[in-house]
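Chains as they are written, first to last, in UniProt numbering: chain A, 1 to 272; chain B, 1 to 377; chain C, 1 to 292.
Note that these hints are calculated values from the structure, not bench results.
Certain hints may be false.
[As the list claims (entries may be wrong)] Calculated pairs, DSSO-like style, for lysine-lysine (alpha carbon to alpha carbon, straight line, at most 30 Å):
{"hint": "1", "chain 1": "C", "residue 1": "178", "chain 2": "C", "residue 2": "204"}
{"hint": "2", "chain 1": "C", "residue 1": "59", "chain 2": "C", "residue 2": "80"}
{"hint": "3", "chain 1": "C", "residue 1": "178", "chain 2": "C", "residue 2": "219"}
{"hint": "4", "chain 1": "A", "residue 1": "146", "chain 2": "A", "residue 2": "124"}
{"hint": "5", "chain 1": "B", "residue 1": "286", "chain 2": "A", "residue 2": "146"}
{"hint": "6", "chain 1": "A", "residue 1": "145", "chain 2": "B", "residue 2": "119"}
{"hint": "7", "chain 1": "A", "residue 1": "145", "chain 2": "B", "residue 2": "286"}
{"hint": "8", "chain 1": "A", "residue 1": "146", "chain 2": "B", "residue 2": "119"}
{"hint": "9", "chain 1": "A", "residue 1": "145", "chain 2": "A", "residue 2": "124"}
{"hint": "10", "chain 1": "B", "residue 1": "286", "chain 2": "A", "residue 2": "124"}
{"hint": "11", "chain 1": "B", "residue 1": "301", "chain 2": "C", "residue 2": "178"}
{"hint": "12", "chain 1": "C", "residue 1": "178", "chain 2": "B", "residue 2": "119"}
{"hint": "13", "chain 1": "A", "residue 1": "46", "chain 2": "A", "residue 2": "22"}
{"hint": "14", "chain 1": "A", "residue 1": "132", "chain 2": "B", "residue 2": "286"}
{"hint": "15", "chain 1": "B", "residue 1": "301", "chain 2": "C", "residue 2": "219"}
Fair warning: this is a prediction, and the values are worked out from it, not measured in the lab.
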Amino acid sequence: MLMTVNQATATSVGSAVVEARKLGLTFQTNDGPVRALSDVNLTINKGEFVSFIGPSGCGKTTFLRVIADLEQPTEGTISINGMTPEQARQARAYGYVFQAAALFPWRTIESNVGLPLEIIGLSKAEQQERIKRTMDLVNLTGFEKKYPWQLSGGMQQRASIARALAFDADLLLMDEPFGALDEIVRDHLNEQLLRLWRQTNKTICFVTHSIPEAVYLSTRIVVMSPRPGRVTDVIESTLPTERPLDIRESPEFLAIAARVRDGLRAGHSYED
Amino acid sequence: MMNSKPSWQVLLALVLCTIAMATMPMLASEATAPMSNGTTTLVIGLIALSGVASFAMFSGLASAAVLFVGAHGAAWLLISGISGNEGTARMPYFLLLAAAWLLAWRCVAVLSAIRPVSKQVRTFLRLLIPAIFGAWILIIWEAVTRGAGVPFILLPPPSAIAARIGNSLPILLADVRQTIFKAVLFGYIVGCASGFIVAILADRVPFLRRGLLPIGNMVSALPIIGVAPIMVIWFGFEWQSKAAVVIIMTFFPMLVNTVAGLTASGHMERDLMRTYASNYWQTLFKLRLPATAPFIFNALKINSTLALIGAIVAEFFGTPIVGMGFRISTEIGRMNVDMVWAEIAVAALAGSVFYGVVALIERATTFWHPSVRGGRA
Amino acid sequence: MDRLRDRVFPVIAILLVIVAAWYAFAVYMNAPFQRDLDRRAGLTPGTVEFIGKTLSQPKPTMPAPHQVAQNFFENTFLRKVTSARSLVYHSWVTLSSTLLGFTFGTALGILIAVGIVHVIALDRSLMPWIIASQTIPILAVAPMIIVVLAAIGITGLIPKALISTYLSFFPVAVGMVKGLRSPDLMHLDLMHTYNASASQTFWKLRVPASVPFLFASMKVAVAASLVGAIVGELPTGAVAGIGAKLLAGSYYSQTIEMWAALVAGSVVAALLVVLVGFVGRVVERSMGGRPA
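Start from the sequences, fold in the hints, and give me the full structure.
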């Protein structure tokens, strides 16, 4: 099984993009220390689409935030493209998509997408060119001059993906980006995201709590479990790169989903 | 339909008309130019007819229109009938005034119940209803002060105040120039700007913020206006001392609001800026200041009123011979109450215009904020 | 311990800086007059002696903190409270009209708010005026109210209380309307499904929901009441009260007295606001509010 996966993605899999060794993170709270992450060992290679799934409090979002240098680990090491998270952030090595679109309401869609470009300090012409390209990529052409509140939730989230893609980082970190959307919109965006991933050949880390979403999108699924947050299973997907929506009824898809569900359950029984 | 049912306001108005008819005449016998029977009949007829007619109307708008005409026509007749006969009004006069007012109340109630579809009509009604209310305060004020002959120094009728404004425009303008265009504007700009700058400093230095914020919050509850006599001692009688008071009064609201606003931008947005490795100033100008704008405008609006109060009250403590506060305090000493009212009317107008300008700028710059665009977050 | 380090220490540090700046400013402000005095007396004092003198003038341009503190202490704690020089006496005069006005203003504000929330005609006609009146400097009418009422024989407590009423009424009315309207649609719909009457909805939903708003606006109102009472003491040369003390001080350039009166006014204001805040917290807690 592993062989087929590697063959299916052989063209894109390259060197390690994220490499975590014995990673741990303990928060100091008023109720005492909380171990959000414990002994996480994980390598994410170039061109992979990795989903992190688990119940709330399992540390999946925390792990993403550690990659993004939004949290600092208290144990172990992590490197992004061979750099520390801090250096990677300074080098603008990744784009981050949050749970909500987090667009600035006082900026139009195009100037929201252009925000990171302004901060990096690109020329006006370059900014325009990239805005146009990424807006195209997420099918938002024609909405450049609109304000965020004039768009639907799904379109807002697409704009925030465009913003994360705008400066062309190889790594895309997505923290439950479609969690607040209804299922129909979500299916549609999942399809688009897959297309985008194939087109751009980026590495994507995707946090979700939906099993079908994780199985549908990923080349690899990392199952996590809480108290302390840790990786309990890593499942390689056997699905082909080309995935129409109805692949979700295929036996292969259901088998992977069942394995993910077992992994989640195992994590829980361990606790009780 | 609710407006075709008899309403208690109209019924009470009809009762009042009946009592008025039984207790005629309207003016005491010593009145120099007594109202003719025709006028009296016209007033009663207008009130009674429009009241009854309002029941018969099918649409609320028509009913309100009839009431509007009846109430204001009667009021007009009553007020014009009293001129030359100030202080001679008897009970029927006040009963009829009350009856006309009840009709106007009914008119407002009917108008308030209307739910127009078109946006223009809605805006029109939103302005018309409070306008009727305001007009009736003036009507009752005018009719009662003149009808009952309230002593001029106690409460002059609005018409006398309006006449005084018309006659004293140059003085009023000079006062406005002295108080508003010198003291208020200068103090407002300097006070708001320095409050803003200190807020940015406090944001940069957390220690400063933790120390200044509780102090700022407490100071805004203190009677800062009390520093006015001290400022007059320091900076003399000219407008500089008033500007100093305004600066002190406007500084703290701006400081407190801006500091509060700077912490208001969402965590997600700030994390976003962090993922871009954006530096302090980039985050400040691209995220935090725009997010703070509603707070800053809140302070600017609060300060627009505070600045006027500060300058006017500071002038009570000593000024050259010009200025709104100076005029109020000296004219009241001479019992020229109409001039004081005129000055207060100008102050009210200036305050509303000042506030209105700030509010317009706010609408233009924070168009995106839910409170301005009237939507959800 | 953390609380002490993070909250109290910065405030004390900033206060110390303010006091130090005040001393420096006092020296700077009083120096010209002192130099003048010394020149006339033919004295050439050393720097330390000179600074000491600037900080102990009887009628300084800017009194030093210790002068104000000493005056405040003497006139607050060492005098009989009935003495005309006692700050407690003057504060009480101002406080009594503040409290009277504040009580009436709050009651009136609540009453109007209830009317506005329930009678749509009032909402449409009166509410815009209440909001608009916040933009005008209503304090300017204070002298006129005092003088006009004095002309018809009403003096003393009532006219000042009237100004306080007037000033405290607006914030309470506005805050209370906001509070009574604060229950969200879901809660109102819930009451609707119970077929609750208007008065049931009012007492069981609107009133509890409005309590935080009421106390927040009462804090603003009580501060405004005090300002109203102080300004109400200015125009007629009232003999007692903090405002009268300020005015007398400005006539005779008794700057130390003025500052002490200002401190007294600030203490009264702070006490009032803290008291309202405390009552608010107690009431909210007794109604099951989450302690902040």
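Results for each hint:
1. For the given pair, residue 178(C) sits about 17 Å from residue 204(C) by alpha-carbon distance, which is consistent with the 30 Å threshold.
2. A hinted pair counts as satisfied when its Cα atoms are at most 30 Å apart, and residue 59(C) with residue 80(C) qualifies at roughly 24 Å.
3. At roughly 15 Å between alpha-carbon atoms, residue 178(C) and residue 219(C) fall within 30 Å of each other, so this suggested pair holds.
4. The suggested pairing of residue 146(A) with residue 124(A) holds, with an alpha-carbon distance near 20 Å, which does not exceed 30 Å.
5. Restraint check: the Cα-Cα separation between residue 286(B) and residue 146(A) comes to about 18 Å, which is no more than 30 Å; the hinted pair holds.
6. With a CA separation close to 26 Å, the supplied pair residue 145(A) and residue 119(B) stays within the 30 Å bound.
7. Our distance criterion of 30 Å between C-alpha atoms is met by residue 145(A) and residue 286(B), whose separation comes to about 18 Å.
8. Simply put, residue 146(A) and residue 119(B) have alpha-carbon atoms about 23 Å apart, close enough for the 30 Å limit, and the pair holds.
9. Proximity of residue 145(A) to residue 124(A) is assessed by CA-CA distance (about 17 Å); at most 30 Å being required, the pair is judged to hold.
10. Only pairs whose Cα atoms come within 30 Å are accepted, and residue 286(B) paired with residue 124(A) is accepted, the gap being roughly 16 Å.
11. At roughly 19 Å between alpha-carbon atoms, residue 301(B) and residue 178(C) fall within 30 Å of each other, so this suggested pair holds.
12. A distance of roughly 25 Å separates the Cα atoms of residue 178(C) and residue 119(B); the hinted pair therefore holds under the 30 Å criterion.
13. Restraint check: the Cα-Cα separation between residue 46(A) and residue 22(A) comes to about 21 Å, which is no more than 30 Å; the hinted pair holds.
14. Proximity of residue 132(A) to residue 286(B) is assessed by CA-CA distance (about 21 Å); at most 30 Å being required, the pair is judged to hold.
15. For the hint linking residue 301(B) to residue 219(C), the alpha-carbon distance of about 19 Å falls within 30 Å, and the restraint holds.
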